[in-house]
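K.L.:
First to last, the sequence lines map onto chains A and B. Going by my numbering, the residue at position 156 of the first sequence is 156; the numbering climbs one at a time, nothing skipped. Going by my numbering, the residue at position 48 of the second sequence is 48; the numbering climbs one at a time, nothing skipped.
There's no promise every hint is true.
Claimed, not checked - Pairs of lysine-lysine, DSS-like flavour, derived with a Cα cap of 30 Å:
id	chain 1	residue 1	chain 2	residue 2
1	A	Lys56	A	Lys43
2	B	Lys200	A	Lys56
3	B	Lys43	A	Lys200
4	A	Lys202	B	Lys200
5	A	Lys202	B	Lys202
The set of hints was computed from the structure by calculation and includes no laboratory data.
There are 2 protein chains.
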Amino acid sequence: MVAATEHSAAEGPRERILDAALDLFGERGLTGTTVRDIAGRAKVNIAAISYHFGGKDELYRAVVESVVGSIAGRVRARVAHLLERPPADAAGAQAALEEFIGTMVDVIVGPPEMRRVARLIIREQMQPTPAFEILYAMLSQFHGAGTQLFAAATGLDPAAEETRLGVFLMIGQVLVLRIAETAVLRRLERPAFDAALMGKAKALIRRNVRAMVAAAREGRT
Amino acid sequence: MVAATEHSAAEGPRERILDAALDLFGERGLTGTTVRDIAGRAKVNIAAISYHFGGKDELYRAVVESVVGSIAGRVRARVAHLLERPPADAAGAQAALEEFIGTMVDVIVGPPEMRRVARLIIREQMQPTPAFEILYAMLSQFHGAGTQLFAAATGLDPAAEETRLGVFLMIGQVLVLRIAETAVLRRLERPAFDAALMGKAKALIRRNVRAMVAAAREGRT
DNA sequence: ATGCGTACGAAACACATGTTTGAAACATTT
DNA sequence: AAATGTTTCAAACATGTGTTTCGTACGCAT
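Modelling step: build the complete structure from the supplied sequences, incorporating the hints.
P.N.:
Written as structure tokens, this is what we have:
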């Protein structure tokens, strides 16, 4: 067995199917994608899908699992140090929180190949399938980490509902850029999310996060 | 022809089809919904859909149009006075902006029947169909109004990219509550979005908006 | 009552779609 | 070389799905 090569067209059928399936599931959803579409894009026979994965639903689940692995890898590689040794002081926690959200922007809005991943996750949120649990386990972990940082930065109780809700609101700022991408780009009269626009968005979100933390710190009763 | 009655189960076939279609399109998407599902829920024959609307795609378009009408009505009824005579002073604009976003929370995450509407719109954002233009016309109008208020509240240029982007980030806070509803409710250990939770979310978002405006006002170069 | 256009319902039609089949090609081992 | 297990392919199969057909009932003006 050869070692897994770099992401390219010269992979094995199984990898090509997974890659094509992620593209299509992310773009058109589970029901909007046919196995013939996937087979055509992956340049394999239709039967190869049943052969390698058992069926369409099992393939979808495999895609979700690979997505979770990919995301968890990217994020953990960049913020592992924050989550392992969370800063105790408020200033350090705030800096860590900003870095955490900044990483989220990079991962979700940045790489073009993350578009399909982000959309698949968002779809799964709106319309959970049996594969939802796989995603939720990861999201829950990230949300928990964000909540710890937010609580440390503001002095709020990490268990308080306002704290946990506040973290979701921060994340919402990032998600909207992928969800409403079409509308955002049109209103901004931009053809695509290039590096410059991403830098602007990141700076704005970072400033907003700082403002939210400050407001939460002052606003606590 | 009888006058259109109140929303109930005793409507004509056309209204029942529209209602059932909104339910299913919102929950499962266009490709995830079959005309037999719709006909079954609406308690009409399958042929009634082609008869009344021409086909599945035309029905979907009709649903989108009715959704736009419904939303535009709800929102305009509550914020028309803000959009017609936008406050010139910063303080008034800030109050108007808060009311604007607050209305958005009420409309999007408030009424249970808006769940299907919100989801249909979000789906259309992620995967635009020919009916997207109908929605975009409305969204563009609202985003433009929000941008005017935001600009007036902060002193920023309404045409600047940062201003328009900032409005999307505010809206993202609201959207995330509907998109990631399942994850949010689980992390909050809540069974549903009741009035109390919505009040909390609204207060938090309002506080965040205020903080964002303040940050933007100070942060401008 | 008669004629006529509208609305409805059961069945059928044509095509799409997920899955399976059986044979051939390939790689690896004996 | 022969055997064995794995992978690929074209075709077929069963079901799902959007649409149409055609017969029937209803409402209403003549």
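K.L.:
Now tell me if each hint is right for this structure.
P.N.:
To see whether the hints hold, each was checked on the structure:
no. : hint                : in the structure
1   : A:Lys56 x A:Lys43   : holds, 16 Å
2   : B:Lys200 x A:Lys56  : violated, 41 Å
3   : B:Lys43 x A:Lys200  : violated, 51 Å
4   : A:Lys202 x B:Lys200 : holds, 27 Å
5   : A:Lys202 x B:Lys202 : holds, 24 Å
Violation of the numbered hints given earlier is confined to hints 2 and 3; the remaining hints are satisfied by the structure.
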